[in-house]
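Colleague: Given next are the chains, with one letter for each unit.
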Amino acid sequence: MYTTDTTATDIELDLDTALNPGEIDGVYRDSRECAYLALLAGGGALLLSPPTPRPKKG
Amino acid sequence: MDQTHASSPLAGAVHDLATEVVLALRSGDHLATVCGAAGIDEENRTGIAAARVIGADLLLPSVLYGRHPHPGDVAVLDRAVREFPPKPDAPAATAWSHWHMISTLQRMAQPPGTTGTTGTASPGTYEEPDAAWLEQAPWQSFTHQLSVLAPLAVPAAPSAVQRAAAARAVDLARGFVRAVRRRDWLQAAGAGRWLAAIGGEPATLGLERGLDFVELMGGHDPRVTLHVRAARLMAEARAR
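Chains A and B are the protein sequences, given in the same order.
Residue numbering for the first sequence follows our numbering, beginning at 1 and increasing consecutively.
Residue numbering for the second sequence follows our numbering, beginning at 1001 and increasing consecutively.
No lab work stands behind these hints: they were computed from the structure.
All C-beta atoms, glycine included, are put in the ideal place defined by N, C-alpha and C.
Among the hints, a few may not be true.
To give an idea of the interface, some chain A residues facing chain B are shown, with a C-beta separation under 8 Å as derived from the structure [said to hold, decoys possible]:
1) T9
2) I11
3) D14
4) L15
5) L19
6) P21
7) E23
8) I24
9) P55
Just chain B, same shape as in the assembly (with noise of 0.2 Å):
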């Protein structure tokens, strides 16, 4: 990463990792560490805060591919479930993107033919944070809030959130189309990541090409990327 073209070094942090999570969906190679690639280790503190922001997605190989996550990548995941917390005063989306994070470790980290956490450092039981506040919000924050837990739109991982999703595909329809129209590109790629995930959007809308714009004109961003190849990837395992 150019470190004169990012705001901060978190945020290059965050470019790096989620560049590196792009190749590994593109590649599909399951031997592919994302964080060792990206120089981060359990001891890099804003590495390890740059994993907090990609949240589950630093699995999203594995979880698409069905593979194994590299220890690695777990251990770097599971450090920055233990690092970062939310706090009391924390919103919402960000307790669902810790808790999204906590789940995915205790679904993918689980050694074959075991029923229990990893004893990686996973907590245990951790109930999921409310998601009534979705059900109300209006369709233009709506979608920006689903955008930024567009971690949480993965294959056979329900959740509230999910649920709340299914249940609006209209209005995330409407969201995206609101998203390009203002060049809101992230937002865009997180909602279309949705619509990918749950389906039910109005045929008229066009996702495939619409996400084709949203990659073309936002595609610098490497979390862009992410999502849209991670809509692309969803799309074609509901396709066959």
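The following block holds chain A by itself, in its conformation from the complex (with noise of 0.2 Å):
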């Protein structure tokens, strides 16, 4: 447990933050981690369909 010494407000910003997360950026599988889900998945057919197309930059 944390004994550092930390102002009301930062906890307060923490906990704003904390509590009203925003979405974290895609970050999509590599072929090592879709094998692990072939393995896993047995009949989950939806986990294992082709990725959403991913916007184009530019």
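Put the two chains together into one complex, using the hints given.
Modeller: Shown next as structure tokens:
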């Protein structure tokens, strides 16, 4: 457990962020993880379907 | 918790607290005190803030195993409710998690044979916040917000959020897949927990195996493990 000095403002700012997290940036699976899924999934068809196309840059 | 790996004291305390909830869920030990094990008491402001983040899941082992919570855990949750109420301009999700903490305190901390509130400090009547925004939300943000509100995904705790989730189970299933693909393990775990709580997901989703994968990839975060474990316990209860 932490015992460091932390101001009330620090805690409240951190708390607001923790209570309302934004979505993290998507990082898509690589083929090794797909292989894990193939081993695990059995009948899970949706998780193994092709990934959603990513928007093109530029 | 290794402080060098936490982004802030609060993040470290949340990590510690979530870890203890997971241990209590795994053990099913009704005598376990989650907060005591995490070194948190009513005088520890960072710990109380962590309890606000974990929310009603602080009492999740007692909720899912149908046992009375430890008085120390009830006291810390009660203190978190009082110490960190939602600000007037707080997002709806913050108001909902606060509402659910109060609701859980009133439900769980009630001595047998009584019908009123406990008098431990939990406020009395507290109306549900608005949930109409959830009905209109696109499925992506709907899943994100529901995942933030995953502590509300528990049995026998009806709410407008739970009704919205039940009405959009297919959207939640789509959101679960999206979160897995984006490697957002916490969101995936939260969405999976909702699906386990409400049912109604497409059979082709493969939720059970999907949750295995989420835990495999994201289990270093105890909040992910907490949601996955909660989902499994609820799925097992539904199957019985």
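Colleague: For each hint, tell me whether it holds in the structure or not.
Modeller: How the hints compare with the structure:
Violation of the interface hint for A/T9 is found here, the shortest Cβ-Cβ separation to chain B being roughly 12 Å, above the 8 Å cut-off. Annotation: A/I11 was flagged as interfacial toward chain B, and the flag holds, the nearest CB pair being 5 Å apart, inside 8 Å. Satisfaction of the interface hint for A/D14 is found here, the shortest Cβ-Cβ separation to chain B being roughly 4 Å, below the 8 Å cut-off. Interface restraint check for A/L15: the shortest CB-CB distance to chain B comes to about 5 Å, inside 8 Å, so the restraint holds.
Here the hint on A/L19 is kept, as its CB sits about 5 Å from the closest CB of chain B, short of 8 Å. The beta carbon of A/P21 comes within 7 Å of a beta carbon in chain B, closer than 8 Å, and the hint placing it at the interface holds. Taken as an interface hint, A/E23 checks out: its beta carbon lies about 5 Å from the nearest beta carbon of chain B, inside 8 Å. Interface restraint check: A/I24 against chain B, minimum CB-CB distance 5 Å, threshold 8 Å, status holds.
The beta carbon of A/P55 is not positioned within 8 Å of any beta carbon in chain B (closest approach about 13 Å), and the interface hint is therefore violated.
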